[in-house]
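Colleague: Chains as they are written, first to last, in the UniProt record's numbering: chain A, 1 to 246; chain W, 1 to 492.
No lab work stands behind these hints, which were simulated from the structure alone.
Computed from a predicted structure; not experimentally measured.
A hint or two may mislead.
Pulled a few chain W residues facing chain A out of the computed Cβ check, cut under 10 Å [claimed, not checked]:
no., residue
1, T394
2, S399
3, E406
4, Q415
If you want the footprint, here are the derived chain A segments under chain W, 3+ residues with CB under 8 Å [said to hold, decoys possible]:
no., region
5, 70–79
6, 87–101
The C-beta atom is built at its ideal place from N, Cα and C for all residues, glycine as well.
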Amino acid sequence: MPKPVIEVEKLAKSFGDNAVLKDITEQVNPGQVIVVIGPSGGGKSTFLRCLNLLETPTSGKVAFEGHDLTTMDTKSVNSLREKMGMVFQGFNLFPNMTVLENIKLAPMKVKHADDASATKQAHELLQRVGLDDHADAFPDSLSGGQAQRVAIARALAMNPEVMLFDEPTSALDPEMVGEVLNVMQELAKDGMTMVVVTHEMGFAKSVGDRIWFMADGYIQENSTPEKFFANPETDRAKDFLSKILM
Amino acid sequence: MKKKIGLLLAMLAALVMMVGVFGNPTQVQAADNSLAKIQKKGVLVMGTSPDYPPYEFQATVKGKSAVVGMDVKIGEKVAKDLGVKLKIKSMSFDSLLVALQTGKIDMIISGMNPTPARRKNVDFTHTYYKGGYEIVINKTDKGKYKNKDSFSGGTLGAQTGTTQYNAAKKQTKNTKVKGMTSQSDLILALQSHKLDGVAMEKPSAEAYVSNNKQLAAIPSDFSMSSSATSSAIAFRKGSTSLVNKVNKTVDQIKKENLVKKEYLPAAGKYLKTNTVNTSMGHYWKAFLTGIEYTLIITVCSVFFGFIIGVLLALARLAKGNFLKSLLRWIATAYVEFIRGTPMMVQVMFVYFGLGLFVNLPALTSGIIAISLNSGAYVAEYIRGGINSVDIGQTEAARSLGMSNGETMRFVVLPQALKNIWPSLGNEFITLIKDSSIVSIIGVTELIYQSNIVRSDTYRGVAPIVVIMVLYFVLTFTASRILNYFERKMQHA
Ligand SMILES: Nc1ncnc2c1ncn2[C@@H]1O[C@H](COP(=O)(O)OP(=O)(O)OP(=O)(O)O)[C@@H](O)[C@H]1O
Ligand SMILES: [Mg+2]
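Using the sequences provided together with the hints, build the complete structure.
Modeller: Structure follows, in structure tokens:
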């Protein structure tokens, strides 16, 4: 077994009295594509945000490449976040910057890359997501699918080792879902380690290595897509699948 | 004589005393090296309120605006006899006593009368001039009024808080007494028949009458103690050696009757040349200076106010450990306090209060006070602006590895500023107008200059119209420029 990239141990998170994550112990190995699915409000986003400490866990451990993030000082957490790119449902592009500037900002400000090399890298990434002709556009002139591809390029600009996706296609018009999933599929093919929260079961089946089914604050099932979709073990999962596959 | 004892002054005097207990104000240890100190310094700073012809007023001397009048002549003589240079500092009459106590000035010569109340706080020389009171009326009413007792059923005006105001109140029957802060306003009210007469000091009354053909003066017949009708020079408490020395000069002035023989005629000459050309165009230089200072104050205050505002806003948004909570608490308290007190008091506090510890010029004090004030308001705009930026922006930046500070600087603040640009623009325009408050500490911005022109020309309305137009031109231009940048930013 290779050394896991992410290890989660006895992770719990509550907002006040609301215990959203109760007891989660899992790991992500290099190159794996984990697809997290589950009912709305089950804590998927919270879980994902605990992985890069956008949300501070109430208890438990989240380790990246063997380093426990929950006991680290802020500075080290900042630098570990570089290695975990994140893509949001709402894109969260910086509206006051062009596409190119969106991508260049973090490499230049955080890694102190020089302008020329940051620009070069940004163009390469834009080519990779098929949007190099939009380099000078502002985010509000992009379609949802284009914006999300730019957001992926922006996250990739920090050369992350893991990419976290929180429902990257949920806010898109149906005809644009494909272009984003394609980019993600390409990434997976290139060996990127990914944790993806999604409702796209097709993507889960074809690209996912593992399915984590999450509900009520627990990972209820952790299995392969083939097994999960054909033979879910828990009633919770059966119930969930019957509803979305209708 | 002018004898304003406004509430503000009383408050400030109390404050000065209080601070004085802890600080090291110069007046306490002044003991009696007062004379030696001035001579060593080589400069004698005279404080005066130049809106009171012929005592002291602003005139154009060789193309430049200067303070002239009989008090200035006396100041020159005092300085000459002490063998030092004279420096004149202008400020509102209300501010003079505090300025003396806080060491901003060395002496007051401003038609100030040595009342027992004042004697408690300052040392007076012998009196150098004994005046009296007259009542200025419209010439058409001549014959109708004889003295103070003729105004039964009518209205008399006088400068608020002055001796003549109190006398008019106490020594008339069935007469309404209306107070205003400026003599030129009173004359204006008289000419528009809102007042039937204006009580003022004899030399002032004569100056008005000789410069305005529609006016006449009648005796007042107020009964007055001599301390209420005479003027003396004020020094800091405990300056016995200095006072003794200056008394020799004062005695000589009286013996040789220099005031009547030389100083008043000299002052009158300026008054005459002054009224030859009272067109507003003649005073363009004065107004230009006003605009210049108004803009200097506004631009500097906007700049520093903005920096203070950003820092305060960040402090107010600080979350976390004890230190950050403390910071947040202090910033919140500061903002509340500043927004809960009048800017005028803040200006006076900075000039006189801080003046105890560092000697700040009026302009600097004004800029500091207005920046501190504006910072509190700007902080609230910025805090609102920061809160208006979607939390997703912060999360995206943090997920890219940016620190809290980098996120604020490169992602949140630029967007916040864009959102609040119109509010900031409004603040800038408000400051153009509000900067007028520093006129009370003698900064020569537009309002101050217009007051000078008004007392200079005896024309009440024209200078007001001029600065109204000037303010409007300034604010309108500013708002056009801001709109231009706003549109430019929207494209970005
Ligand atoms: N910042 C917060 N403060 C308080 N409660 C929160 C916060 N964030 C999430 N929650 C609560 O935590 C629970 C889980 O939310 P979460 O967004 O993690 O669910 P999810 O599985 O991602 O749902 P969805 O599919 O709707 O995105 C919800 O009940 C939500 O109200
Ligand atoms: Mg979610």
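Colleague: Indicate, hint by hint, whether the structure satisfies it.
Modeller: Evaluated hints:
| no. | hint | verdict |
| --- | --- | --- |
| 1 | T394 | 9 Å, holds |
| 2 | S399 | 4 Å, holds |
| 3 | E406 | 6 Å, holds |
| 4 | Q415 | 6 Å, holds |
| 5 | 70–79 | holds (count 4) |
| 6 | 87–101 | holds (count 7) |
Of the hints listed earlier, there is not a single one the structure fails to meet.
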